[in-house]
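Number of protein chains: 2
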Amino acid sequence: MGTLHDVFNARSVAVVGASASPDKTGHTILRNIIDGGYAGSIYPVNPKAETILGLKCYPTLTAIPGSLDLVVVVVPAKFVPDLIDEGGRKGVKAAVVISGGFGEIGNGDLENQLKAAAARHGVRVIGPNCQGFNYTPNKLCATWPLVKSGGSIAVISQSGTVAAAMAMWAAEEDLGVSGVVALGNKCDVSELDLVEYFAGDPNTRSIALYIEGIRDGQAFMKLMRSVGGRKPVVILKPGRTEKGKKAVASHTHSIAGSDEVFQGVCRQLRLARASDVTELYDFTKAFGSLRRPGGRKMLVVTSSGGSGILATDTAEQCGIDVAALDDRTKEELKKVLPGNCVIGNPLDLTGDADAARYRTAVETAARTSGADFFFLIFGDPIPGAAEVVQSLRATIPQEIIVCYLGGGETEAIEVRKMHRGGIPVFPTPERGVKAVGALLASHTSERS
Amino acid sequence: MGTLHDVFNARSVAVVGASASPDKTGHTILRNIIDGGYAGSIYPVNPKAETILGLKCYPTLTAIPGSLDLVVVVVPAKFVPDLIDEGGRKGVKAAVVISGGFGEIGNGDLENQLKAAAARHGVRVIGPNCQGFNYTPNKLCATWPLVKSGGSIAVISQSGTVAAAMAMWAAEEDLGVSGVVALGNKCDVSELDLVEYFAGDPNTRSIALYIEGIRDGQAFMKLMRSVGGRKPVVILKPGRTEKGKKAVASHTHSIAGSDEVFQGVCRQLRLARASDVTELYDFTKAFGSLRRPGGRKMLVVTSSGGSGILATDTAEQCGIDVAALDDRTKEELKKVLPGNCVIGNPLDLTGDADAARYRTAVETAARTSGADFFFLIFGDPIPGAAEVVQSLRATIPQEIIVCYLGGGETEAIEVRKMHRGGIPVFPTPERGVKAVGALLASHTSERS
Numbered sequence: 000m001g002t003l004h005d006v007f008n009a010r011s012v013a014v015v016g017a018s019a020s021p022d023k024t025g026h027t028i029l030r031n032i033i034d035g036g037y038a039g040s041i042y043p044v045n046p047k048a049e050t051i052l053g054l055k056c057y058p059t060l061t062a063i064p065g066s067l068d069l070v071v072v073v074v075p076a077k078f079v080p081d082l083i084d085e086g087g088r089k090g091v092k093a094a095v096v097i098s099g100g101f102g103e104i105g106n107g108d109l110e111n112q113l114k115a116a117a118a119r120h121g122v123r124v125i126g127p128n129c130q131g132f133n134y135t136p137n138k139l140c141a142t143w144p145l146v147k148s149g150g151s152i153a154v155i156s157q158s159g160t161v162a163a164a165m166a167m168w169a170a171e172e173d174l175g176v177s178g179v180v181a182l183g184n185k186c187d188v189s190e191l192d193l194v195e196y197f198a199g200d201p202n203t204r205s206i207a208l209y210i211e212g213i214r215d216g217q218a219f220m221k222l223m224r225s226v227g228g229r230k231p232v233v234i235l236k237p238g239r240t241e242k243g244k245k246a247v248a249s250h251t252h253s254i255a256g257s258d259e260v261f262q263g264v265c266r267q268l269r270l271a272r273a274s275d276v277t278e279l280y281d282f283t284k285a286f287g288s289l290r291r292p293g294g295r296k297m298l299v300v301t302s303s304g305g306s307g308i309l310a311t312d313t314a315e316q317c318g319i320d321v322a323a324l325d326d327r328t329k330e331e332l333k334k335v336l337p338g339n340c341v342i343g344n345p346l347d348l349t350g351d352a353d354a355a356r357y358r359t360a361v362e363t364a365a366r367t368s369g370a371d372f373f374f375l376i377f378g379d380p381i382p383g384a385a386e387v388v389q390s391l392r393a394t395i396p397q398e399i400i401v402c403y404l405g406g407g408e409t410e411a412i413e414v415r416k417m418h419r420g421g422i423p424v425f426p427t428p429e430r431g432v433k434a435v436g437a438l439l440a441s442h443t444s445e446r447s
Numbered sequence: 000m001g002t003l004h005d006v007f008n009a010r011s012v013a014v015v016g017a018s019a020s021p022d023k024t025g026h027t028i029l030r031n032i033i034d035g036g037y038a039g040s041i042y043p044v045n046p047k048a049e050t051i052l053g054l055k056c057y058p059t060l061t062a063i064p065g066s067l068d069l070v071v072v073v074v075p076a077k078f079v080p081d082l083i084d085e086g087g088r089k090g091v092k093a094a095v096v097i098s099g100g101f102g103e104i105g106n107g108d109l110e111n112q113l114k115a116a117a118a119r120h121g122v123r124v125i126g127p128n129c130q131g132f133n134y135t136p137n138k139l140c141a142t143w144p145l146v147k148s149g150g151s152i153a154v155i156s157q158s159g160t161v162a163a164a165m166a167m168w169a170a171e172e173d174l175g176v177s178g179v180v181a182l183g184n185k186c187d188v189s190e191l192d193l194v195e196y197f198a199g200d201p202n203t204r205s206i207a208l209y210i211e212g213i214r215d216g217q218a219f220m221k222l223m224r225s226v227g228g229r230k231p232v233v234i235l236k237p238g239r240t241e242k243g244k245k246a247v248a249s250h251t252h253s254i255a256g257s258d259e260v261f262q263g264v265c266r267q268l269r270l271a272r273a274s275d276v277t278e279l280y281d282f283t284k285a286f287g288s289l290r291r292p293g294g295r296k297m298l299v300v301t302s303s304g305g306s307g308i309l310a311t312d313t314a315e316q317c318g319i320d321v322a323a324l325d326d327r328t329k330e331e332l333k334k335v336l337p338g339n340c341v342i343g344n345p346l347d348l349t350g351d352a353d354a355a356r357y358r359t360a361v362e363t364a365a366r367t368s369g370a371d372f373f374f375l376i377f378g379d380p381i382p383g384a385a386e387v388v389q390s391l392r393a394t395i396p397q398e399i400i401v402c403y404l405g406g407g408e409t410e411a412i413e414v415r416k417m418h419r420g421g422i423p424v425f426p427t428p429e430r431g432v433k434a435v436g437a438l439l440a441s442h443t444s445e446r447s
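Going down the list, the sequences are from chains R and E. Numbering follows numbering that gives the first Met the number 0, in which position 422 of the first sequence is assigned residue number 421; successive positions increment by one, without gaps. Numbering follows numbering that gives the first Met the number 0, in which position 389 of the second sequence is assigned residue number 388; successive positions increment by one, without gaps.
Honestly, the hints are just simulated from the structure, not real lab data. Don't be surprised by glycine CBs; every beta carbon is placed ideally from N, CA and C. Check the hints yourself; a few may be wrong.
[To be verified] Here are some, though not all, of the chain E residues that point toward chain R, as calculated from beta-carbon distances under 8 angstroms: (1) Gly-159; (2) Ala-163; (3) Lys-242; (4) Thr-277; (5) Ile-308; (6) Asp-312; (7) Gln-316; (8) Asn-339; (9) Gly-350; (10) Asp-379; (11) Leu-404; (12) Gly-407.
Just chain R, same shape as in the assembly (with noise of 0.2 angstroms):
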């Protein structure tokens, strides 16, 4: 009987449906599972060719030396179910069926004979119909676009597009993904036992969640109260209007529901739930590497008025506490800062800020100024901001929010050492802002 397990972690692959034209998906898998730098045993199926991409090709499964842990599949729909008998046959684990043609578009009994077989032979499948998956730690692409950064996120996704949007911003800011996987039809695998296997899964910090419809409410909410406390997840769930319902019954056959009783539960289980697919992106990174601050007083150390300000409005629109500094703070602050500087909450630092004077000013105000977290400001070239924020979380025991913008060069410098580094940096202040507003909304705690 396969798992997940056997999934994410397959020591051997086959491609069946492999291809040597570039333009065609059972290429552009193989490719990216020979890119990724898969190190397991990699065989094309392929009876017409003799290699492809430099590897041996086979005519079948069956024709593959060796124990095959896992299938991905590309070959037409009507093929698929008797593949997957001769896969059980063979000991396959686990399969992946990229192909599209079963319910989908009408096709419900192929897809049964489909689900009949996995089921004979105790095969887990991920799909049919589905943009297939990708999981780090395992060099393991089996989708597109190659993604090869590893991170702490895992992104488990209704919309093979959103999965790979996702990737894509986390691989271009070198903050990378744990894994990433595609639902699909959902004949066997389902969001929960994905949301299970990666809640127990040591890479995974964050789960990022896309989902149309939920087909079992009571055990949506019974997972969810289970995982929640241990891992956080955050939900994009479209349908929210009547248009957007209609849309989702024509993609996925889902039923949207209600959606304020969605929003309920959500509220219930302190789940995050993302308006958009920035959200999405920005709290499942947040709470990939972010603990929740004990409170929610909040500092902000800026080296621009403008983005002190945006921060401030944002933050009282979340129900965060820009609240004003203490004497003593004030005090403090002015015996070791710049006259030029503006004492206060929103704390600018001005211009002519390098990053020793944000080192200054957060060991100052840590002491004595009662906030529960800072959320700094970088808005102009400031090097060496990275190692700052690295050392002052490091000694401080409240937690930084960092948000980085206008610094041309040096930005993109430092942004990638922070990220690097596992500090998740914002690329504007209302980004950053609302992402501490999740957090501080979660139930997670508050050392994850």
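The hints should help you fit chain E onto chain R, whose structure is shown.
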């Protein structure tokens, strides 16, 4: 008497306070003017240096041979009024004062002296206490970071960081900017002067305005009424919350005023108001290249079902009509599209769609569907998307708004092509739809 034309189109520029130390602002500015490719004469002024960055250095403004249009000032505040006098005597037409240390830290007298000197000689002054400006048609980047890509967007900002961030994003996206100006203390040149200038600038098609307070409400309304119809202005004005207002007061001593009143003014003048810096960028980008659709009926054409739903939800929330397809259009589309496409609105071309399928779908629907505009989502690696969009824009009467996500390297190539061709592409369905919402809410003429 100098004018803003002399600032932006200066044929010669002096940098007073030019420095050989790479970490000084007087170095960065000079280097950016040189590296930006400025073709006019460049004069570093510094009595202690012979040459800086390979250019002959002058001890004073007076020592510079021949005429001088513009002075960029980076020396300490106390020297600035005399410097403006010296420049005025030399016939300098304008000055950009980067130096801080005036009204913003209580030195109102010094700022008045600067103002008086400028008035005596008819020298126009941007600043003081500002981050300078960039005008790409003149390749004159007297600010940081260095941005060379020319585009159709002008940014006027009371925050140097917001200006810099906008310019960076535009450069990263290969969209570019026409001009970027940081206002600083506005001792002379105000946001209204600049809006008027860019409204008449043939290189600028839309204007982003970040402003913390409005000094003269009547003048603002009068100008916006006259400019608004000619050239779109997008405004980000923080201070929406009580603490935001306080932060505004301590940053630029502006009075944010009642947000309700300002909102009413925007509604009355049909000005596009951004709610955050991301929207400021997206809306200005949309206005810089797109025509306002003739009505609110949107047809979504997508390769990604999930993205189509996200677009639909957002559209409903923005009052955009994702209208059902009529029977005739459905029949026409069924004739020309493969059987796996989901014929509706969203029109789901599914994950195997190539660029040609988009062309077929849009050409067909453009004839019969009654859609006022098309929202195209490329949710996969779809090569040739740029060519198809470009040619559709030339052949159908309806405007096309493009979103591209999840497309890996192909996406990067196609987005670059579209941006270079003047077609804005949005990175998420929600951001794209909100940008159209802003277009529809404005009073810009349909063919700007």
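>> Check the structure against each numbered hint from earlier and tell me which ones fail, lowest number first.
In response: Structure breaks no hint.
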